[in-house]
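Quick note, the sequences are listed as chains A and B, same order.
Residue numbers are given in our numbering: position 82 of the first sequence equals residue 82, and the series is strictly consecutive.
Residues are numbered in our numbering as their position in the second sequence, beginning at 1, plus a constant of 113.
Please note: incorrect hints may appear among the correct ones.
[As the list claims (entries may be wrong)] With a straight-line Cα cutoff of 30 Å, these simulated DSS-like cross-link-like pairs (lysine-lysine) come out:
no.: 1; chain 1: A; residue 1: LYS70; chain 2: A; residue 2: LYS9
no.: 2; chain 1: A; residue 1: LYS83; chain 2: A; residue 2: LYS14
no.: 3; chain 1: A; residue 1: LYS83; chain 2: B; residue 2: LYS225
no.: 4; chain 1: B; residue 1: LYS225; chain 2: A; residue 2: LYS9
no.: 5; chain 1: A; residue 1: LYS57; chain 2: B; residue 2: LYS191
no.: 6; chain 1: B; residue 1: LYS225; chain 2: A; residue 2: LYS14
[Unchecked claim] What follows is a list of derived Cβ distance ranges for each label pair:
no.: 7; chain 1: A; residue 1: GLU15; chain 2: B; residue 2: ASN171; range: 48 to 54 Å
no.: 8; chain 1: A; residue 1: GLN56; chain 2: B; residue 2: GLU174; range: 29 to 35 Å
no.: 9; chain 1: A; residue 1: THR77; chain 2: B; residue 2: THR118; range: 48 to 54 Å
no.: 10; chain 1: B; residue 1: ASP194; chain 2: A; residue 2: ALA81; range: 45 to 51 Å
no.: 11; chain 1: A; residue 1: GLY96; chain 2: B; residue 2: ILE159; range: 34 to 40 Å
FYI, nobody ran anything at the bench for these hints, they're computed from the structure.
None of the values given here were measured: they were computed from a predicted structure.
Where is the CB? At the ideal position from N, CA and C, for every residue including glycine.
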Amino acid sequence: DGGITQSPKYLFRKEGQNVTLSCEQNLNHDAMYWYRQDPGQGLRLIYYSQIVNDFQKGDIAEGYSVSREKKESFPLTVTSAQKNPTAFYLCASRRGAGANVLTFGAGSRLTVL
Amino acid sequence: AQTVTQSQPEMSVQEAETVTLSCTYDTSENNYYLFWYKQPPSRQMILVIRQEAYKQQNATENRFSVNFQKAAKSFSLKISDSQLGDTAMYFCAFMKHGVGSGGGADGLTFGKGTHLIIQP
Numbered sequence: 001d002g003g004i005t006q007s008p009k010y011l012f013r014k015e016g017q018n019v020t021l022s023c024e025q026n027l028n029h030d031a032m033y034w035y036r037q038d039p040g041q042g043l044r045l046i047y048y049s050q051i052v053n054d055f056q057k058g059d060i061a062e063g064y065s066v067s068r069e070k071k072e073s074f075p076l077t078v079t080s081a082q083k084n085p086t087a088f089y090l091c092a093s094r095r096g097a098g099a100n101v102l103t104f105g106a107g108s109r110l111t112v113l
Numbered sequence: 114a115q116t117v118t119q120s121q122p123e124m125s126v127q128e129a130e131t132v133t134l135s136c137t138y139d140t141s142e143n144n145y146y147l148f149w150y151k152q153p154p155s156r157q158m159i160l161v162i163r164q165e166a167y168k169q170q171n172a173t174e175n176r177f178s179v180n181f182q183k184a185a186k187s188f189s190l191k192i193s194d195s196q197l198g199d200t201a202m203y204f205c206a207f208m209k210h211g212v213g214s215g216g217g218a219d220g221l222t223f224g225k226g227t228h229l230i231i232q233p
């Protein structure tokens, strides 16, 4: 079945460490997105990519980095520069131009100790 | 930029009752899409219903329907005959329309959500 796989589901890190969250899709979607979810804040856009080797900053990109070397993969790195990284992270994809539905992965919960 | 506001942080109703969740938005766009997503305790985001702004008819999906008031920039969700499985966070979301202007390229703008609890 087609879908989006996020890993790991739970991740713990010490302060000052970088961590990479994986997002893989087999839907052949062109566009991919990373959102951050905090209690009472809804979902906020971190980065998005419409095509391979291209990506744009979202509303809260500071302290994060991404790459899009393959169509099916859009990993997110949470760097030590991110002041408050503990959150739930959701990856999503969209078929492409003209498509209006986002499909979401199951999410990754990052906790900084 | 667009904003989405959900003014009800939490709501609680009895099973089988009808409940309405509110959503207002602000945008300068004329064509766009509006969505309601459900996030149950599993935290998987599930699309409930979507509305195209240029369509006057309100969208309906089984027990879920919307009241779309474009002039008022209001987009409420009505759940009829509520069930225990409807207990979840509900998010209202906005997406720009259009291909040429990159509409939709930056994904969805979400409200902060309403926690809906269905009591047995």
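Structure versus earlier hints, numbers of those that do not hold, lowest first:
The structure conflicts with hints 5, 9, 11, although it agrees with all the remaining ones.
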